[in-house]
Structures are given as C-alpha cells and as structure tokens.
Amino acid sequence: MIKLVDVEKYYANKFIKTWVLRNINLTIHEGDFVSIMGPSGAGKSTLLHIIGMLDDMSGGEYYFMDEPVHKLNEKKRTAFHQQYIGFVFQAYHLIDELTVYENLETPLLYKKVKTAERKSMIADMLDRFNIVAKKDLFPNQLSGGQQQLVAVARALIINPKIILADEPTGNLNSKQGLEIMEMLKQLNKEGTTIIQVTHDENKAAFGNRIIHLADGYVEKEEQHG
Amino acid sequence: MFFSYIKFAWRNFKKNKVYTFINIIGLVIGMVCSILISLWIADEWNYDRFHVNRQNIYRILVDTESANSVTKSSTTPNTLGPVLAANYNDITAMTRYVGGFSGWLIRYEDKSFTNDRWAAADPAFFQIFSFPFIVGNPATALQDQQSVVITDKMAQKYFGDNTALGKVIKKDNSDLYVTGVIHIPENSHIQFDYLFPIENMRRWFYQDLESWDVGIFRTYIQVRAGFPGAEVEKKIASIIPEHNPQMKAQLSLQPLIDIHLRTTFPDQCNYQQGNITYVYILSLVALCVLLVACINFMNLSTSRSSIRVKEIGVRKAIGARRWELIGQLLGESVMYALISMILAILIIKLILPVFTTFIGKNLEFLSFSNFKMLFWLTALTFVVGIFAGSYPAFVLSSFTPINTLKAGLVHNVPSHARIRNILVVIQFFTASVFIIGSLVFYQQLYYMQHTDKGYDKDNIVYFYGYGKYMTDYNSAREALLQNPNIESISKAFPPFYPGEEESSDIMWPGKNIDKEFVIYHKIVDFDYLQTFGISMTAGRFFNSEMSTDLDNYVLNETAIKEMGLQEPLGKTITYKGRTGQIIGVMKDFHHTSFHSAISPFIFEMYNGPCYICVKMKPDNILQTLAFIEGKWLEFVPDRPFSYMFFKDAVDNYYHNEQRSMVFARGFTGLAIFISCLGLLGLCSFMVEQRSKEIGIRKVLGASVPGLFYLLSRDFISWVVLANLLAWPVAWYAMHHWLQNFAYRITLNLWLFILAGIITVFIALAMIGLQVLRAAMANPVESLRYE
Ligand SMILES: Nc1ncnc2c1ncn2[C@@H]1O[C@H](COP(=O)(O)OP(=O)(O)OP(=O)(O)O)[C@@H](O)[C@H]1O
Ligand SMILES: [Mg+2]
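Chains as they are written, first to last, in our numbering: chain A, 1 to 225; chain B, 1 to 786.
Treat the hints with care, as some may be off.
[As the list claims (entries may be wrong)] Calculated from the model, a selection of chain A residues having no Cβ within reach of chain B, i.e. all distances over 12 Å:
| # | residue |
| --- | --- |
| 1 | 5 |
| 2 | 41 |
| 3 | 59 |
| 4 | 63 |
| 5 | 170 |
| 6 | 175 |
| 7 | 180 |
| 8 | 206 |
[As the list claims (entries may be wrong)] Sample of chain A residues facing chain B (criterion: CB under 8 Å; computed from the structure):
| # | residue |
| --- | --- |
| 9 | 78 |
| 10 | 81 |
| 11 | 93 |
| 12 | 110 |
| 13 | 111 |
| 14 | 154 |
[Claimed, not checked] Simulated crosslink set (PhoX-like; lysine-lysine; CA at most 20 Å straight-line):
| # | chain 1 | residue 1 | chain 2 | residue 2 |
| --- | --- | --- | --- | --- |
| 15 | B | 631 | B | 617 |
| 16 | B | 7 | A | 135 |
| 17 | B | 111 | B | 170 |
| 18 | B | 361 | B | 153 |
| 19 | B | 576 | B | 587 |
| 20 | A | 112 | B | 7 |
| 21 | A | 135 | A | 161 |
| 22 | B | 647 | B | 457 |
| 23 | B | 170 | A | 119 |
Worth flagging that the hints you see were computed from the coordinates, not collected in a lab. On a predicted model such as this, the values are computed, not experimentally measured, just so you know. Beta carbons are placed, not taken as given, at the ideal position from N, Cα and C, and that holds for glycine.
Could you put the whole structure together from the sequences, leaning on the hints where they help?
Right, dumping it as structure tokens:
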C-alpha cells in the first residue's frame, strides 16, 4: 500500500543543510499495524507527515496505492486525504472556533456526506469516545486529554483506509490509552492499516511491526506475530 | 456547508470585535465617500445629455487671435446663425439664444415679479433641444412674436394650479401669450424662467439682428445625424472675415455635451459652469479613498490571517479542497464588504439631504427601480471584497499544510512579511499624497482669497438703476449720500465680470493693424475708483468738475502694456469710432478669477441707465440696506427692490474651487482617518502577535521606551520610505494642477516635509498607544496563553 524509496528530508538554512530523514526505504502493506519509535528529534513526526502527504520530501520516491505521490498535484493529494487518510496530530490541531460536534463534522462536509448520514456518524463517534456531553464545547473548554480524544475521533470518522497517529495516547491515563489502542487494534483487524508513533514499548507492542528511527535513519525493524 | 461557513465567520467576527469594527468602519467610510462623490460626478457628467439630438448639436465659438493669445468666446455676431443655416445643407437647424438674466418687470393681473430670468431664442430652439413640454406644442410654441414659453416653476408661481396655456403676462406694456410650459432639468446649461421669440430683442434691447459685429447671442446648430462636426467646422471656419473684415476671428464648433465641463473660457451663461479638472480630481479622490479603505482591509485581513494559518492547515489535512478554502476566505471578505455596503447605503440615505443642500445640487440615490445603480453597488461590493481578501485566500491556501500547522512558521515566511510591508508603504504613500495635495489646494485657495485683488469687494451692493436713478441720477445719488453709513456710490456696467463688451474696434497711433487686439470695455463714473478702492498708476481718473471727461478714456496697465504705448497720457485713441484722450492709467485689478490673466480694459463715462453700486460702512449694514430700500420705494415705485452683494458675485468665480476644496478637505481628512484606523489595527495586531516576546522581555527587565523602540523601528522606516515615494508623485500632480491658474503659489519643500512629519507622527502615536497597552499588562497574562 505504501512504498518509500530512498526518501530524504532536510531543511536548508542559508548554507547549512540540516538532515532530518535519510535513506528511508519502507514498504507497508495493507492491513499492517506499524509502530514507529525513537528518541525525541529522531524524525518520527516528520516521517508521518510525509506519509500523510502533509509535508514535502526533499528527495526520493513515494508510492501510495501505486500512485507516485512525489509527482501528484494538490488536487489528487486532497482526494487521498478525503478518502483514505485519517491523521491524528501530536498537537491535536482542533479548530478553535468550532465545537466538538462541528470539528467532527468538518471532514464529512468536505467529503460531501449527506446530512442524515453525517448526523448518525457523528453520534456514533461521540458515543464510542464517550464525549457526548462535551459535543457543544469549544476545544479550549476541554482538557488536554479530551482534546486528544476528539482528535482521534476526527481521524476515524471518515472510515479511513489508513490511520496515521502521532502519539495518539500521549496525554491520556494508561486505562484510557489502552482503550484507544484496543480500538485501533479492532479497526486493524477489520482491515484498516495503522501507523502510529509512540514512546511506550507496551503500546508499540500492539503493532505487528516496530520501526526504530534514530537520527533520521531506520535503525532496525522488529516483526511481531 | 455554506451555512457552516457563515456560522464560522460570525464567530470570528464576535471573537475579534475590535478588528471587525476597525475593518468595517474603514470600509463604510470609504464606500460612503466614493459613492457620494460618484453621485456628484455622474450629475456633472450628465449635463445636457437629456437632449435627444445631443450628438448632433454644436455651439459655435468665436476664436479671436490677439497679440499674445487666442481668446475664445461663445458670443457670435447676431446674424451669423441665419446665414449659416441658409447656406449650408449639413446644418439642419439653428437657433440663437440669449438669456438667464433677471431684472425685467413681469406682471400678471395684479401680481408683479422681477426675479424671473428671461431668455430669447429662434423658433427652432425647441426642435433642437428637447426640453420636455408639459403643455404646448414645441413645433409652434415660438412661432408668434408675442408668444412666451415658461417653466413649470414659473407657471406654478404665476398661475397656481390653473392651466397656464393662453394666459397673458405683461412685460412693460407688451402682452405675451403663454404657448407652452416646459420643465428644465437641473443639469442643463441653459437655464431660464421664460423664453420669448428673438424678434423681440429688436424692440426691447435695441439689437440689430442683421449685424456682423460682436453680438450678444449664442448660436447653436444641429447638423445632419451622423455628419462629422469637424467637416462643418472646416467649411464655416472663416466666414466672419468674409462679411466683416474688421473682425479677424475664426469659428469653431463645440459639442453640446462638452459645454458644461470643457468650456475653458469664462462663459456668460449665468449658470454654474463646471470644470472637467475637478471631475478628474474628485474621481481620483473617490478612487483613492476607496483604495485606502481596501488596502486597509486587505492589510488587516492579511496580518490577521497569520493567526488563521493553523486552521487552514487543519482544514487541508482533513480534506478541504483548495478552491473550497479560497471560497471560504474570499466569502468572508465579501461578507465584510456586504455588511459595510449595507451600512454605507443606510448612512448615505441619512446624510444625502444634508449633502445635497451643501453642494447645491439635487442628487438621487438608490430607488429600487434603479437597476443600474443596484448593479454598480453590488459590483463594487464584490470587487472590494475580492480585492481585499485575495491575498490571504490565494497565498495562504497554497502553503503545504505542515508549514501552516507549525505555529510561527508562516509569519516568518519572508513573502508574507514583505507583502505586509508593501501594504503599509502603499497605505502611507496614499495618505501622504493626500495630505500634500490638500495642503497645496488649501494654500492656493487661501492665496486667491487673501491676495489683494486690486479692489475692494466688501460691503458693496448693486442693483439696476430704474426710475429716478435713470431720469435724475444725481439727485438720487445725493439723497442716498445723506446717510452717513453710505460711503460712496458709483455707476458701473457691467458691475462685475463677466458681461463686459469685448471689442477689437480700437485704434491708436502706432497700432500694428495685422495683429488683432481685443479690449474689454467698462462703463463707470467719477466715484468708481473710490467705491471699489482701486488706485491709479499714472494720470488721473474721471473728474466731476471736468465736463470734457465724457470724451476721455482711462485704460488699465495691461492695456497700455499690450498696446505698446510708451507715454500713454494725452495720447489720442479711437474706440468704436469715438475719439478721446487717455487721461490716466488704472492699476491692474483681478477682474475675474485667478484662473485667467488680467485682460486689457478701457473705461469710459456714460450718462445713461446703469447698475448702481453702493459702498456702505461695515457697521449697521441692515439699517443701511433698509434705508436704501426706503429710498427705492420713493424713486422707483413701480418695481420691487432687488439687489445683490458684490462679494457674492465675486466669490462665485471661486465657487468651483471652494466646493471642491470642502470636498477635498473633508475626504482627505477621512482618507487620513481611515489610514490611521488601518495603522491602529496593524499595530495592535503586531503588538498582540509579539505579546509573548514583550512579556518575556519585560520579565527580563526591558523598559517601556526600549519596547517602543523595538516595535517602531521597522515600521517607521517603511513610513519614511512611503513618504519619499509620495513626494515626486505629489509634486508632479500638484504642479500640473497649479497650471490651471494664471496666478499661483510656488510649491514649497516644507509642505512635503510637513506631510512626512504628520504621517510619521501618526504612526508613532499609534504604536505608542499599543506599546503602552502591552507594557501595562501583567506579563504573566501574555505568557499564559500561546
Ligand atoms: N522547520 C524546521 N527547520 C529546521 N529543522 C526542523 C524543522 N522542523 C523540524 N526540524 C528538525 O527536525 C528534527 C525532527 O523533528 P520531528 O518533529 O520529526 O521529531 P520527532 O521525532 O517527532 O520528535 P518528538 O518525539 O519530540 O516529537 C528535529 O531535530 C527538528 O529540530
Ligand atoms: Mg514528534
């Protein structure tokens, strides 16, 4: 489903190039549950952004469902966002001016889902994440953890083929964190491809592959059952 | 989707009240100004365009070449029109016209009036011009010598509701039958209350209608539809010298629709002549005010948008198409424009009555049947909205999502800051040009109003001397002078410019007869000099003791200079066949506005009927006027007393300037105000954005002046740059404008520097205000967020 060939990323600052990712070769199949681990600053978020087509690569090739992303125009990428990709940001990135309900509704609006269907999908999500009572609040009226739940819910609501989650449980207690992980695992069983970034060994173990990043390189890869 | 955008925009409005308010206020003011000015311009522009034949109607101008220049005039020889119509097939109709003057006594039954303005024309007048007839037949209305066509206003005044057709009014002892009632739109350069056939000018005005001398009529012709005026002009150009070798004059044609705005010489039409320059200037002002408001709006949206980049990034990441983002951002800005437009329309509706009385014009605004205007207003709304929202919409939506998501990244994107600086420069550039322009404008007007014109215009009233003033002027004069508040009394014809007779029929020893020389003629008497406070440079003025002075002449300095007379005193000259001596040279005075150079003048005495000018002491004017009126009832029992202040007539020359001045000053003030609003918005935003930095710096011990310096440093250099760019532009524009005046101020460098100081000061004040606010705030406040 995803194939990265010699992907690299650097920030050019006047005369100095700062390398963030180098030499990344990676193939991710449909149905994989991949965990990315590594020290802070290793380039995990950057890699996820590139896979999520939110950031440009400096070099290399990237195939998403056999389409060469590095050659695609914006329109096509947006279509991928709408149809296939659910992204959970490390910093949540909810829209401040919209309520919880409206934040969940927005991706569906862009996807042009019919009103009745939209309503039931949102109700379902609110229910699953246990945030029905918060649906009319604005993000700044929520705790950090609650915001994170909404961010995850927003990624799941479009029934994406692939979920990219950047530390989706960083701000939750272990019980809640495990619940989310279980939910992802369940989705994975149903066929959704999942790539998550995490610092937590236990949570990484939910995946069938663990990729260790260090200093922009793939250090090693472990396979699980 | 649409509804959710509206809701979103509305929350944004509420969340940023100050910003919303500044944005909308600026736009509303800009729109109100530009719409009001456009209404005025449209009105000026539509002068005389209601005539169906407007494309084929021309007025004939007489171009007289004199020693140094070509003088244009619209008064033609009396017989020119009929001769042209008879000899040229391309000319399908012709009318002579004179009028717009009041003062004749008209009676109907026991009522009498003198304020109505008379006019005379040939029968084809109503064939050429399409003044709408309320009753009567345009084709036959002027056929009979005793017919008269009156306006609806006059019909109302004389006959009330009764039908006017066929009624008889009396001018002196002649009967006139009303054959038509017409309406004259306000934007017609031809204005009168009643019009009679031109034949009557023979008996009432002693006009020789067959004369080839300079006459009193204007001549209008209608050419075959589609026939080029230039062709006609070529054929008739040199017809005058063929009939009157004395008059070295060429004819030219002036299209009807050019008369109001493009007549460059002072026309004697007795209506408020327009000036295309002011139409241009005010168009420019309207455009600039609107532009400043838009730039303002754009500026604020742009700086504001750096806060919104995160939202835009998120929307992109969750599947917003680019055009949807552009639509959303443009939509919001169009919504601002729409709200502003609605407010602007309401405000205009409210202030239009005040505005129209102020400019003395009846302007119409937005009746809902007026689709054209609705269309323009809607178009304006969209243009403003799209123009102002274009930068955020197109640029922000193009960023890669992650760049917009990483807070702080985008407003370090160089192009973003650069755009904002460019906007600041444009804003201050316009403000600076405006300030300089209005300062120069103001200076020139001040100069014109306060420079010694060479005569006194205050406390002088004038009226036409009927009755005893005609039959026994001297004793009437003596009777008035009994009042100690009356300083002096003089005859003058005409009392003020225009109206002087122009003639080239003058001879003096040493005249170069190949050169045409035109001189203006004024009738005066002994006390003219004293009454108007004019002085002599050589010789003496007319003297009541000298009976021979009736034969003598006084000339002004310009005349002497242009005639090339070395020792003028005692020289014999012949004016219109009468020979006399030059007894004195009068100091030049500005007989008309500073637009025109002083013309040569010849003065002579005359014993007949004339205008009477009375110079009063400044105190007790009202009593003095009452006294004069009392005497009038005694001397002229059969006419009501009507008079004019000389000053009003003179100030009329500057009417255009004065009106545009008030316009320009008001609107410049507003433009500056809008600029300040924009700057305030910009500064408060900048400070807000840097509030975290300010907070940290304060904690680290920065002083308020230090912070002020930090924030103003960049800004001020942009403002200074804007000024430097504005100076040459303003200099060029104002230099060009000043060429309109024969007498003008010189452009001063300090004006430009002053404008610079004003703008820098405004910028500093605005930043200072914001810095104080930020510095007063508790630093923890600003650090907690973010
Ligand atoms: N705009 C930028 N300019 C220069 N360097 C950048 C930029 N953005 C990120 N980097 C660098 O890229 C490297 C990788 O960043 P990234 O966010 O991918 O790390 P991470 O592995 O997700 O770390 P964490 O676990 O703390 O989230 C960092 O060293 C960071 O300094
Ligand atoms: Mg990270």
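Checking hints one by one. Is residue 81 of chain A an interface residue toward chain B, by the C-beta closer than 8 Å rule?
4 Å, holds
Closest CB-CB distance from residue 41 of chain A to chain B, is it above 12 Å?
Check passes; 15 Å lies beyond 12 Å.
Non-interface claim for residue 5 of chain A, where every Cβ of chain B lies beyond 12 Å
21 Å, holds
When you check the alpha-carbon spacing of residue 112 of chain A and residue 7 of chain B, does it fall within 20 Å?
Satisfied, since the Cα-Cα distance of roughly 18 Å is no more than 20 Å.
Sort out whether residue 119 of chain A lies within 20 Å of residue 170 of chain B, counting only the CA atoms.
87 Å, violated
When you check the alpha-carbon spacing of residue 111 of chain B and residue 170 of chain B, does it fall within 20 Å?
With a Cα-Cα distance of about 10 Å, the restraint between residue 111 of chain B and residue 170 of chain B holds, given a limit of 20 Å.
Next item in the hint list is residue 93 of chain A. Is there a CB on chain B closer than 8 Å to its CB?
5 Å, holds
Mind verifying the non-interface call on residue 175 of chain A? Its CB should be farther than 12 Å from each CB in chain B.
28 Å, holds
Between residue 135 of chain A and residue 161 of chain A, does the CA-CA distance stay at or below 20 Å?
Not satisfied, since the Cα-Cα distance of roughly 26 Å exceeds 20 Å.
Pair hint outcome, residue 7 of chain B versus residue 135 of chain A [Cα-Cα no greater than 20 Å]
16 Å, holds
With the threshold set at 20 Å, check whether the alpha-carbon distance from residue 647 of chain B to residue 457 of chain B stays at or below it.
This hinted pair holds, its Cα atoms lying about 5 Å apart.
Residue hint residue 154 of chain A, partner chain B, criterion CB-CB below 8 Å:
Nearest chain B Cβ about 7 Å off; hint holds.
The structure shown violates the earlier hints numbered 19, 21, 23.
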